[in-house]
Amino acid sequence: GQNIDQPTEMTATEGAIVQINCTYQTSGFNGLFWYQQHAGEAPTFLSYNVLDGLEEKGRFSSFLSRSKGYSYLLLKELQMKDSASYLCAVRDLSGGNTGGFKTIFGAGTRLFVKA
Amino acid sequence: EAGVAQSPRYKIIEKRQSVAFWCNPISGHATLYWYQQILGQGPKLLIQFQNNGVVDDSQLPKDRFSAERLKGVDSTLKIQPAKLEDSAVYLCASSLDQRGNSPLHFGNGTRLTVT
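Protein chains in written order, with our numbering: chain A, 13 to 127; chain B, 801 to 915.
Treat the hints with care, since some could be wrong.
As the list claims (entries may be wrong) - Footprint (simulated), chain A over chain B, 3 or more residues, beta carbon under 8 Å:
(1) 842-856
(2) 890-899
(3) 902-909
Stated by the list, open to error - Incomplete in silico selection of chain B near chain A, CB under 10 Å:
(4) VAL804
(5) TRP822
(6) HIS829
(7) TYR833
(8) GLN837
(9) GLN859
Quick caveat, the hints were computed from the structure, so don't treat them as lab data.
Cβ atoms here follow ideal geometry from the backbone N, Cα and C, with glycine treated the same way.
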């Protein structure tokens, strides 16, 4: 089955860099997503990785190692508005006989940015 | 493009009553997802459709929850009868496809309170 692990909470200082880790176990990996979710709002897409390596997008970067079942989200030049939950999600083979891929989420990491 | 539309935004019912949620995905998106998000947790996949077929419903409590996606567009999720533990936000999402770099776009969700 699938299992996705993330730290529950992290705290960082405005202007600093923070790395949020995610480890996963899948049966048919088809990509990994990072989403941001502010309190009371819906998740919004941040990044996608399917090959090993680093994907950079402005202040946000995401890394993937498929052999280790590991990813991280790197946030640079932290701002107060970055205080949110960060969700790691994996696209994996569905266990049914449809041959399809389902997208499942981890519990999320709550990031607190302090002045 | 118009986003994912969900209704209602809020619903309060008593236990053992029934409730239905509606979702209209982004036009052209083949894959539709229903997630349950309990406060402080990550989204839990209830059911995933590809067009009007079910990709995965392994986490759907089928004794009380049902969902359909007639004509492969709109979808409804029903709970009958509701229990206290069903209090959560129900998120609908859609994506172009179930594979690859096809991120999920979420609606604003329906916040359900069961008393």
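How about the stretch 890-899 of chain B: do at least three of its residues have a C-beta closer than 8 Å to a C-beta of chain A? holds (count 4)
Tell me if GLN837 of chain B is really an interface residue toward chain A, meaning its C-beta lies closer than 10 Å to one of theirs. holds (9 Å)
With 10 Å as the cut and Cβ atoms as the points, is VAL804 of chain B at the interface with chain A? holds (8 Å)
HIS829 of chain B as an interface hint toward chain A, with CB separation required under 10 Å: Nearest chain A Cβ about 13 Å off; hint violated.
For the restraint on TYR833 of chain B, tell me whether the closest CB of chain A is nearer than 10 Å. For TYR833 of chain B, the interface hint holds, since the closest Cβ of chain A sits about 7 Å away, which is under 10 Å.
Are GLN859 of chain B and chain A close enough, Cβ to Cβ, to be under 10 Å, as the hint says? Given a least distance of 9 Å, the restraint on GLN859 of chain B holds.
Between the stretch 902-909 of chain B and chain A, see if three or more residues pass the 8 Å beta-carbon test, and mark the coverage as holds or violated. It holds, with 7 qualifying residues against the three required.
According to a criterion of three or more residues whose C-beta lies within less than 8 Å of a C-beta of chain A, is the stretch 842-856 of chain B covered? Check passed, 10 qualifying residues.
Grab the minimum C-beta distance from TRP822 of chain B to chain A and call the hint holds if it beats 10 Å, violated otherwise. Violated, because the Cβ-Cβ distance from TRP822 of chain B to chain A comes to roughly 16 Å (cut-off 10 Å).
Checked against the numbered hints above, the structure breaks hints 5 and 6 and satisfies the rest.
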